[in-house]
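What follows is each chain in one-letter form.
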Amino acid sequence: MIFNSLSFILFFLITFIIYYIVSKKYRYIVLLIASYVFYAFAGFKYIFLLLFITLLSYLFGFLINKINDKKKKKILLFIFVIINIICLIYFKYLGFFVNVFNKMFFSSFSIEKIVVPLGISFFVLQAMTYPIDVYRGSVFVEKNFLRFALFVSFFPQILSGPIEKSKIMLPQFRKEHNFNYKNIFYGFIIMLYGYFQKIVVADLLACGVNNVFDNLKDYSGIPLIIAVFLYSFQIYFDFCSYSNIARGCAKVFGFDLTNNFNNPYFADSIKNFWGRWHISLSSWFKEYLYFPLGGNRKGSLRTYFNIIVVFLISGLWHGANYTYIIWGLLHGLYQVIERVINKRSRYKIINVIVTYLLVVFAWIFFRANTISDVGYILINIFKVNFVDLKSQLLSIGFDIYDLKLLFVSIIFIFIVDLIKEKKNILNVVYNSPSFFKVAVVLVLAFWIIIFGHYGPGFDNSQFIYLGY
Amino acid sequence: MKRFFYILITILLFLFIFDKLTLLFVRKGNGYGTDVLDFYAQKNNSIDIVFLGSSHTYSSFNPYIIEDKTNLNGYDFATQQQPIWITYFYLKELLKYQDPKYVIIDVHMLVSMNSDYAYEQVNRDAIDKMRFSLNKISMINKCVKKDERAAYYFNIIKYHSRYKELSDNDYDTIFKGRTVNNKGYIALKYKNRIFDYDEVGINDDIMEIGKKSEVYLDKIIRLSKNKNYKLIFVKTPAIYSEVEYSKLNYINKYLTDRGEIFIDFVKKNDELDLDYKKDFYDSGHLDKEGSEKFSNYFVKYLKEV
Numbered sequence: 001m002i003f004n005s006l007s008f009i010l011f012f013l014i015t016f017i018i019y020y021i022v023s024k025k026y027r028y029i030v031l032l033i034a035s036y037v038f039y040a041f042a043g044f045k046y047i048f049l050l051l052f053i054t055l056l057s058y059l060f061g062f063l064i065n066k067i068n069d070k071k072k073k074k075i076l077l078f079i080f081v082i083i084n085i086i087c088l089i090y091f092k093y094l095g096f097f098v099n100v101f102n103k104m105f106f107s108s109f110s111i112e113k114i115v116v117p118l119g120i121s122f123f124v125l126q127a128m129t130y131p132i133d134v135y136r137g138s139v140f141v142e143k144n145f146l147r148f149a150l151f152v153s154f155f156p157q158i159l160s161g162p163i164e165k166s167k168i169m170l171p172q173f174r175k176e177h178n179f180n181y182k183n184i185f186y187g188f189i190i191m192l193y194g195y196f197q198k199i200v201v202a203d204l205l206a207c208g209v210n211n212v213f214d215n216l217k218d219y220s221g222i223p224l225i226i227a228v229f230l231y232s233f234q235i236y237f238d239f240c241s242y243s244n245i246a247r248g249c250a251k252v253f254g255f256d257l258t259n260n261f262n263n264p265y266f267a268d269s270i271k272n273f274w275g276r277w278h279i280s281l282s283s284w285f286k287e288y289l290y291f292p293l294g295g296n297r298k299g300s301l302r303t304y305f306n307i308i309v310v311f312l313i314s315g316l317w318h319g320a321n322y323t324y325i326i327w328g329l330l331h332g333l334y335q336v337i338e339r340v341i342n343k344r345s346r347y348k349i350i351n352v353i354v355t356y357l358l359v360v361f362a363w364i365f366f367r368a369n370t371i372s373d374v375g376y377i378l379i380n381i382f383k384v385n386f387v388d389l390k391s392q393l394l395s396i397g398f399d400i401y402d403l404k405l406l407f408v409s410i411i412f413i414f415i416v417d418l419i420k421e422k423k424n425i426l427n428v429v430y431n432s433p434s435f436f437k438v439a440v441v442l443v444l445a446f447w448i449i450i451f452g453h454y455g456p457g458f459d460n461s462q463f464i465y466l467g468y
Numbered sequence: 001m002k003r004f005f006y007i008l009i010t011i012l013l014f015l016f017i018f019d020k021l022t023l024l025f026v027r028k029g030n031g032y033g034t035d036v037l038d039f040y041a042q043k044n045n046s047i048d049i050v051f052l053g054s055s056h057t058y059s060s061f062n063p064y065i066i067e068d069k070t071n072l073n074g075y076d077f078a079t080q081q082q083p084i085w086i087t088y089f090y091l092k093e094l095l096k097y098q099d100p101k102y103v104i105i106d107v108h109m110l111v112s113m114n115s116d117y118a119y120e121q122v123n124r125d126a127i128d129k130m131r132f133s134l135n136k137i138s139m140i141n142k143c144v145k146k147d148e149r150a151a152y153y154f155n156i157i158k159y160h161s162r163y164k165e166l167s168d169n170d171y172d173t174i175f176k177g178r179t180v181n182n183k184g185y186i187a188l189k190y191k192n193r194i195f196d197y198d199e200v201g202i203n204d205d206i207m208e209i210g211k212k213s214e215v216y217l218d219k220i221i222r223l224s225k226n227k228n229y230k231l232i233f234v235k236t237p238a239i240y241s242e243v244e245y246s247k248l249n250y251i252n253k254y255l256t257d258r259g260e261i262f263i264d265f266v267k268k269n270d271e272l273d274l275d276y277k278k279d280f281y282d283s284g285h286l287d288k289e290g291s292e293k294f295s296n297y298f299v300k301y302l303k304e305v
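In order, the protein sequences belong to chains A and B. So in the working numbering, spot 85 of the first sequence is number 85, and the numbers just go up one at a time. So in the working numbering, spot 201 of the second sequence is number 201, and the numbers just go up one at a time.
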């Protein structure tokens, strides 16, 4: 059950109604049941993995809290982290590592293909925060297992984040939540905006971008340049939309999730970019990997090393492929170079543009199917010719209506982002006259319904008279 | 209270616009078969005799001739390749608005339907423009495969991408209302092959039809018990192969065993005086002249029933 499906909308509305019907005291149980039902749709057999990860974190959190000896606590935490890493490696990276091993040592080990459980990269990281936070004393031990299970499985965020920390979420799950009109309005608006980003823009962009990246040999020059830039929008809108839908969904139930994307392409440095892009993941890596490695407290060289390690692992977290690792490495190097040079233009716009171009360059590695595809792009992207620009543009796979729609929609998102940079846009909408709020809801809803990229699609040739 | 008012206004406006957009985007059809919107435009309880079925129905029964000769207001409520299960739900829909004296059902699709689900085009023609109701929901549930149903409950899921090709005809549907008024009848003019009566494979063999067809045939019979109308099953003139005719024999037996009226016009060529070389559009469909001859004959027969 993915967010942009009718079944999810139905599931969400049913959960919403039941949640607010039952007594405040038991509302978290409604969410827990809903979360397991939601995850069961993603893959029933992996419910046991989710339960195992939940039990493991709960148990280790309990034990770490119970034991007073600091050394034993540390050993327990170490064992816990290792078990989680083994889980991640087994489900997500084993095939990749065996492949790397075979290439390095000319061996021929083979393993059966393992289906990666949906959301494993997210819920494992989230569950891991609990024993670590308990160890650090930054969260109270959660005795109620059901409440803890909800923290690990909360359905808006289990498949794609944001990855929350136990110290942020557990106190929210402990509170009783009233029916709050403001929360619900905010939640629905964020969700609608998320659906707009996903269904109208990201999914349409994906058609052209996939068309180019999956048939690279047919493209060079301008169409390739456009596809690369469009991908930078696609991945932003796509990922941001999921986070917004998750955030809006949680808000409707009274919970605040991290705003995962804060106008990342307005960043004026790579460091700033990572403070705006996938904030929950960056913050996780900073707090649970970068700081334990020593952060920037152990001299410049060690800091550079730590940054490179963190971004290599971040790359690997995104997927078991060399392309992701190089993407991570690039971002690590960008930041090291930024620190070493330590010089920036006095015009912010120039810094923003340079940062954006560096990010776009790295996206080539992130999106390309293979390293040799990257090679092809880097060689052929400069073979620009200006003959028949319109045909070159349309060759990407969009028609003129798609291009107009994309233009208007991206401008709209750009304006929203500009306002967000200065003001809390949700407050602006909430405090506006009621008829304006009605208009915002209806315009967004029908923009999605009419111009969304969804459904089986219509082709008039399917309907030619059958002769009967 | 003010807040509740605005929520209500939002929901009502949403539903209103959604309904209009659904109508705007839906495919307007190819001119073959009854336009369901045209059916809804008929005055309540104004139809005396209704003809249900597939294209064999709307190309054979000329309601204008029938009305002229009998004073019965007729209507072809038929869509292309309409399976009997759609006919069943059409009959239920019809009875919500009309109180006919005669319900005539052509059994062609009982003969030629070899699957439990019709082609998408067939379902779309029949279902898309029906008013949203419990009858429509159960019709979709019974006629459409599970994974395709959502796009039938809300057909804007299928048609919203037509925003790229909307024409005046689409806008007229919501701003000017219906303009088509042909009582569902389609006069076929083009002849693309010459046939001979010898090609009809009349025989005495019996071949079973699909189980789902039988189930809905029974449902139609049950639905029509104790109703004010006379239910008559027919097979309009067609050039059937031997296999098709053996199925028709099965239907004939099935219906007469249950005490229903069935008239096989395929066999009545002598009485009908159809010229197979001139009166057919193709092997299944009468052309305009053929349907006039047949409708005139049908009127005579109707008076005898």
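The hints are simulated quantities; they were obtained by calculation from the structure and are not laboratory data. Heads up, a few of these hints could be off.
[Said to hold, decoys possible] In silico BS3-like pairs for lysine-lysine, Cα to Cα no more than 25 Å straight-line:
| id | chain 1 | residue 1 | chain 2 | residue 2 |
| --- | --- | --- | --- | --- |
| 1 | B | K277 | B | K303 |
| 2 | B | K267 | B | K225 |
| 3 | B | K189 | B | K253 |
| 4 | B | K225 | B | K212 |
| 5 | A | K404 | B | K230 |
| 6 | B | K69 | B | K230 |
| 7 | B | K96 | B | K142 |
| 8 | B | K146 | A | K45 |
| 9 | B | K227 | B | K268 |
| 10 | B | K96 | B | K43 |
| 11 | B | K146 | B | K92 |
| 12 | A | K74 | A | K25 |
| 13 | B | K43 | B | K227 |
| 14 | B | K300 | A | K390 |
| 15 | B | K96 | B | K225 |
| 16 | B | K20 | A | K437 |
| 17 | A | K182 | B | K2 |
| 18 | A | K437 | B | K96 |
Keep in mind the model is a prediction, meaning the values are calculated, not measured.
Q: Measure nothing beyond the straight line between the CA atoms of K96 of chain B and K43 of chain B; if it is 25 Å or shorter, mark the hint as holding.
A: Roughly 12 Å separates the two Cα atoms, so the pair holds.
Q) Quick one, are K267 of chain B and K225 of chain B close enough, alpha carbons at most 25 Å? A) 28 Å, violated
Q: For the pair supplied as a hint, K96 of chain B and K225 of chain B, confirm whether the alpha-carbon distance does not exceed 25 Å.
A: Holds, at roughly 16 Å.
Q: For the pair supplied as a hint, K227 of chain B and K268 of chain B, confirm whether the alpha-carbon distance does not exceed 25 Å.
A: Measuring from Cα to Cα gives roughly 29 Å; hence the hint is violated.
Q: For the pair supplied as a hint, K300 of chain B and K390 of chain A, confirm whether the alpha-carbon distance does not exceed 25 Å.
A: 66 Å, violated
Q. Is K225 of chain B within 25 Å of K212 of chain B, Cα to Cα?
A. Between K225 of chain B and K212 of chain B the Cα gap is close to 20 Å, so the pair holds against 25 Å.
(Q) Against the 25 Å threshold, does the CA-CA distance of K96 of chain B and K142 of chain B hold or violate the hint? (A) Given pair K96 of chain B, K142 of chain B holds - Cα atoms ~20 Å apart, limit 25 Å.
Q. Taking only the CA atoms, is the gap from K182 of chain A to K2 of chain B under or equal to 25 Å?
A. 14 Å, holds
(Q) Against the 25 Å threshold, does the CA-CA distance of K20 of chain B and K437 of chain A hold or violate the hint? (A) 22 Å, holds
Q) Within a Cα-Cα threshold of 25 Å, do K189 of chain B and K253 of chain B meet the stated pairing? A) 34 Å, violated
(Q) Hint check: K74 of chain A vs K25 of chain A, CA-CA at most 25 Å. Holds or violated? (A) 36 Å, violated
**Q.** Pair hint K69 of chain B and K230 of chain B, alpha-carbon separation not exceeding 25 Å
**A.** 19 Å, holds
Going through the hint list in order, the structure does not satisfy hints 1, 2, 3, 5, 9, 12, 14 and 18.
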